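2 protein chains.
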Amino acid sequence: MNPLSSPLLSDLYQFTMLQSYLEQDMQETAVFELFIRKLPPGRNFMVAAGLEELLDFLENLEFSLEELDWLAPRFHPSFIDYLKQFRFSGDVHAMPEGTLFFPHEPFLRITAPLPQAQLIESRIINLLHFETLIASKAARSVLIAPDKLLVDFGMRRAHGAEAALLAARASYLAGFSGTATVLAGALYDIPLFGTMAHSYIQAHVDESTAFERFAYSNPDNVVLLIDTYDTEAAARKVVTLAPKLAADHININGVRLDSGDLAAHAHNVRHILDQGGLNNTTIFASGNLDEYKLQTLLSAKAPIDGFGIGTALDVSMDAPAFDCAYKLQEYAGKPRRKRSEGKATWPGRKQVYRYYTPDGELSHDIVALVENDPYDGQQLLEPVMLAGQRIHPKRPLHDIRQLTLAGYTRLPKAMSALETATAYPVTISPALQDLAKQLDAEMMSR
Amino acid sequence: MNPLSSPLLSDLYQFTMLQSYLEQDMQETAVFELFIRKLPPGRNFMVAAGLEELLDFLENLEFSLEELDWLAPRFHPSFIDYLKQFRFSGDVHAMPEGTLFFPHEPFLRITAPLPQAQLIESRIINLLHFETLIASKAARSVLIAPDKLLVDFGMRRAHGAEAALLAARASYLAGFSGTATVLAGALYDIPLFGTMAHSYIQAHVDESTAFERFAYSNPDNVVLLIDTYDTEAAARKVVTLAPKLAADHININGVRLDSGDLAAHAHNVRHILDQGGLNNTTIFASGNLDEYKLQTLLSAKAPIDGFGIGTALDVSMDAPAFDCAYKLQEYAGKPRRKRSEGKATWPGRKQVYRYYTPDGELSHDIVALVENDPYDGQQLLEPVMLAGQRIHPKRPLHDIRQLTLAGYTRLPKAMSALETATAYPVTISPALQDLAKQLDAEMMSR
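Read top to bottom, the protein sequences are chains L and D. Residue 132 in our numbering is what sits at position 132 of the first sequence, and the numbering runs on without skipping anything. Residue 435 in our numbering is what sits at position 435 of the second sequence, and the numbering runs on without skipping anything.
Chain L with its partners taken away, still in its complex shape (with noise of 0.2 Å):
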């Protein structure tokens, strides 16, 4: 059973109810989509990712021997000779990945046979919710520090080996200049940065050693790490030893500091490297940033040319999570309406349509039926899987990566900033409020 794809990576329940629905023969069209309830605390937006990751899991579902076996005494032996043949035959529109979204708008739609889209709820939201979550948490850095080299530190305090790999993606998608872990390196082909740890100091007799040992071994990608001990101090061991690499053609292409008053530090050393003719050489800056400490050393103007961002960006420290709901919104061509209290939903497929400023700034969303409720905005919307099959081949990261940029240009401002900005007016239609109203009305006669 492979963690990754197996399809018993969902809830019990699913497998529960697909039993029921094959008993009574429930296996008519449902069209389900994937939307967000509020905002996360502080964002203005959110920007979508995981699709790739979703369309290779729906093209790959199948249930191996193994896992048949494991289900067959739990459920009926009719159920079990259902799932041997199963496979994903719906159809996906997605919004593609770096677009930036808001509440209320489905970013997902699965149009498959009610057990078939039934299924796939969990996982579909563990992907999705996951990737969406970082890119946006990435895009706050991206936006305020769109000048510097921001690199992902996070593998260590993610939430397991597949969070860190996702959060390497989601984070260069939004704008990040790469990442520190070598397998998102490898899998998704991100450029990835990387400097020595403490214990590299630490293991050598002292700092200035480590610093010789490591320039010689690593000539092309000098970044000495200063703070162990007395960050002036080997500040000051670094140009002292700066002559002697030249001399080996070695340049010290940087230094890094990992805590205390970063912006202070980097004032002090930045003074000490100019002092001493490393003009060249660039600070890099880590240890427990997020977004708003970001802000503050740039404000403070920190003579600090790229961050290395870790826990904070890769468990989405100040919304670990996001309100997101995959619901039933069509059955068997009949609009659905979920009604509980705090959590109800407007019913039927639907599209949603963007409008922009004469400038091309963002200016208005409006949600709608897909069928006879017609509006001339951009449709955001697009099928991306017909009948189980990608329509398109996955698309490069680094194009997705360069329409999230893009898509940053159209931002107005006060959305670009850290702080809260006025919610961004996404419309129902008249069509659609009337549809729920209809529905509502229909419940309350039964």
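Think of the hints as simulated: they come from the structure by calculation, not from any bench. Since we're looking at a predicted model, the values are computed, not measured. Take the hints with a grain of salt, since some may be wrong.
If several chains are the same, the list does not tell them apart, and a pair holds so long as it fits within one copy or across any two.
[Said to hold, decoys possible] Think about it this way: if two alpha-carbon atoms lie no more than 30 Å apart in a straight line, the pair counts; the simulated DSSO-like pairs of lysine-lysine are: (1) K148 <-> K237; (2) K293 <-> K237; (3) K38 <-> K413; (4) K293 <-> K38; (5) K343 <-> K38; (6) K148 <-> K301; (7) K237 <-> K343; (8) K343 <-> K148; (9) K244 <-> K413; (10) K437 <-> K237; (11) K84 <-> K394; (12) K343 <-> K301; (13) K343 <-> K293; (14) K413 <-> K301; (15) K293 <-> K148; (16) K237 <-> K334; (17) K334 <-> K437; (18) K293 <-> K413; (19) K148 <-> K334; (20) K38 <-> K437; (21) K334 <-> K38; (22) K148 <-> K413; (23) K301 <-> K237.
Starting from the structure of chain L, add chain D where the hints point.
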């Protein structure tokens, strides 16, 4: 490249440092320890978890041809040759899973040739940090609601698939009753629980039909979701349906509430069920629950028998990460110390000794050097792997769970509460304090 077991699941700097260590033939024994600097907000203790997954990772660590091919253009040929025959041949000492522990206490110690101990750092933290995070969060619900059925419902908003699986494992280990995640049941033999989704209700022509069909399809586990439209009205439909099902020897085991004022609905529904003779039908609640909401519901004497806890558990919502570090404490027989501002470490290889009161409650711990610093308390760190081989067979998860539950009985009352208690006394032995001073003095004199 297996995303969960690849040796590329590491930070780039580990490889860069390794290459340099090998050039310098720095392959003497290193001792690294994993510890936390401080408790997450609101926590009174941590629950160690994740060790078995780590030992699996270490036992199987090797580079595939594909991985070596990917590395080859990026590193020296002699380094690639070294990686070809790379295996973990070191020792692992650890607190058994389920052990309660505190800041400054090493809960894992790696003793291995420096390059080996270094390469595995990123995945060690990645695995142990996350499972310990979730076990420590889950423990809080278990302690305040020891007589309730507690089920992990968090897969969909866990950070990827591995996080969902490890969260199911860690919460069960910490005393939860089970999980809804099917694959976690299959892989770890964790009891599975599940009911139905709103979509099941919505897909049927009406709620009563949905209830009836579900009961006939799943006669052994009839738990009906009653909040899709109107909770109390649905409870009355359940009562109406009961005699028909009873005639076919089907019991309605429970109902589930998922929205609104859970305490008020539970009181109303309990009354409706009891009036209808369904005294044995339990009430299960879910919907954005965490230990604080549990406490509120328990205080309100809400007649709820079990709780599904999802997002807040699987992402450890109030503390999605904690400050832990894997630090070099000894190399080539010599203790090492990092002194970075706010991040200094206690040097040398250490043991944690635990003392109990005459009543068997936790009294205090002492962190001391392994050699020449004897104490008579319970030694918390045990050897679990020697020369790269597990000492014991994999411990069954049920046994670990029993160990955790036994550990809770030794907690002083204040530490079992959700509120922050007085910090548990952890003392650094005088010999260890002397060693730190001595290393600082040596450093200053250089």
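Consistency of the hints with the structure:
| no. | hint | in the structure |
| --- | --- | --- |
| 1 | K148 <-> K237 | within (26 Å within a copy, 61 Å between copies) |
| 2 | K293 <-> K237 | within (28 Å within a copy, 55 Å between copies) |
| 3 | K38 <-> K413 | within (21 Å within a copy, 39 Å between copies) |
| 4 | K293 <-> K38 | both (25 Å within a copy, 21 Å between copies) |
| 5 | K343 <-> K38 | within (11 Å within a copy, 38 Å between copies) |
| 6 | K148 <-> K301 | within (13 Å within a copy, 55 Å between copies) |
| 7 | K237 <-> K343 | between (61 Å within a copy, 22 Å between copies) |
| 8 | K343 <-> K148 | between (41 Å within a copy, 26 Å between copies) |
| 9 | K244 <-> K413 | neither (48 Å within a copy, 63 Å between copies) |
| 10 | K437 <-> K237 | between (73 Å within a copy, 24 Å between copies) |
| 11 | K84 <-> K394 | within (28 Å within a copy, 32 Å between copies) |
| 12 | K343 <-> K301 | between (45 Å within a copy, 25 Å between copies) |
| 13 | K343 <-> K293 | between (35 Å within a copy, 19 Å between copies) |
| 14 | K413 <-> K301 | within (21 Å within a copy, 50 Å between copies) |
| 15 | K293 <-> K148 | within (14 Å within a copy, 42 Å between copies) |
| 16 | K237 <-> K334 | between (74 Å within a copy, 24 Å between copies) |
| 17 | K334 <-> K437 | within (14 Å within a copy, 76 Å between copies) |
| 18 | K293 <-> K413 | within (20 Å within a copy, 39 Å between copies) |
| 19 | K148 <-> K334 | neither (51 Å within a copy, 40 Å between copies) |
| 20 | K38 <-> K437 | within (22 Å within a copy, 53 Å between copies) |
| 21 | K334 <-> K38 | within (27 Å within a copy, 55 Å between copies) |
| 22 | K148 <-> K413 | within (19 Å within a copy, 50 Å between copies) |
| 23 | K301 <-> K237 | within (25 Å within a copy, 66 Å between copies) |
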